[in-house]
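Enquirer: Here's the letter readout for the chains.
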Amino acid sequence: MVEGVLFVIAGLAALAGAVTVVVARNPVYSAVGLLGTLFSVAVLYVLQLAHLVAAVQVIVYAGAVMTLFLFVIMLIGVDKEETRSESLPLQRIWVGTLAGGMILFAAGVTLFGDFEWVPAASATFIESNTNGTIQAIAEPLFTDWVLAFEATALLLTIAAAAAVVLAQFKRKRS
Amino acid sequence: MVPVDWYMGLAAALFLIGALGMLLRRNALVMFMCIELMLNAVNLTLISAGRVMNDINGQVAVFFILVVAAAEVVVGLAIIVAIFRRRSTASVDELSELRG
Numbered sequence: 005m006v007e008g009v010l011f012v013i014a015g016l017a018a019l020a021g022a023v024t025v026v027v028a029r030n031p032v033y034s035a036v037g038l039l040g041t042l043f044s045v046a047v048l049y050v051l052q053l054a055h056l057v058a059a060v061q062v063i064v065y066a067g068a069v070m071t072l073f074l075f076v077i078m079l080i081g082v083d084k085e086e087t088r089s090e091s092l093p094l095q096r097i098w099v100g101t102l103a104g105g106m107i108l109f110a111a112g113v114t115l116f117g118d119f120e121w122v123p124a125a126s127a128t129f130i131e132s133n134t135n136g137t138i139q140a141i142a143e144p145l146f147t148d149w150v151l152a153f154e155a156t157a158l159l160l161t162i163a164a165a166a167a168v169v170l171a172q173f174k175r176k177r178s
Numbered sequence: 002m003v004p005v006d007w008y009m010g011l012a013a014a015l016f017l018i019g020a021l022g023m024l025l026r027r028n029a030l031v032m033f034m035c036i037e038l039m040l041n042a043v044n045l046t047l048i049s050a051g052r053v054m055n056d057i058n059g060q061v062a063v064f065f066i067l068v069v070a071a072a073e074v075v076v077g078l079a080i081i082v083a084i085f086r087r088r089s090t091a092s093v094d095e096l097s098e099l100r101g
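Going down the list, the protein sequences come from chains A and B. Residues 5 to 178, numbered by the working numbering, are exactly what the first sequence covers, in order. Residues 2 to 101, numbered by the working numbering, are exactly what the second sequence covers, in order.
Pairwise CB distance ranges (calculated): (1) A:V9 / B:S92: 39 to 47 Å; (2) A:V27 / B:D94: 12 to 20 Å; (3) A:F109 / B:D94: 25 to 33 Å; (4) A:A171 / B:W7: 42 to 50 Å; (5) B:L96 / A:Q139: 43 to 51 Å; (6) B:D6 / A:N135: 15 to 23 Å; (7) B:R88 / A:F75: 15 to 23 Å.
These are computed hints drawn from the structure, not numbers from a lab. Glycine included, every Cβ here is placed at the ideal spot set by N, Cα and C.
Assemble the whole structure, with the sequences as input and the hints as a guide.
Expert: In structure tokens form, the structure reads like this:
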């Protein structure tokens, strides 16, 4: 019962934030909407016993990534209006058709699709198997997935170096 | 317990909103936020599927996606800032040429 109420509240908040991201004219409003969505999704993680992932979501996404986004928005400036001109022929009609088709497809799949292709979806769920404590996550992370773990460490190093290079490459020319 | 279908439906709706924003908006920053939205929707499906299949590896996969998304944000925002310095715009419609 508690889970149902929390699901409805967090789900509606997530949807509202997502809609805000798309429709807001001001990018700062979009960023705040995304922040709300990320936080609501973290609540949904907690509801599904993914405690560590929820904490990481709040710290990394809602903390670091959103700060970075807001920083770049401040750097670029928020007063730029989006252009209304069409640079491709029939741009608006094509995008409208594509968007409408996607909405219809997603609604059809969600409402009428039967999900029998999901393998081994058991009706009874064993709580101790999916209780995402730090220990439970760390055990597969450092045994089965240790190679992927090292690869992500390398990836993060490369990304940090790439960001520094991208931020500096203009200065050589001037 | 909330049935897993509800979580899947919510994740599908979030993904759809992100994809629509990707199509409809022209500001590179907002498009980037829509990518984050779609990544989060996929993470939600992974956690839900992991719960219903009694498997902790769904949460481990979400962990990796979070790390890769963080790296992606760092590089992507650096590219947007570099483009803005040169062109003074963040609108993708005005970036139709391949040359700098």
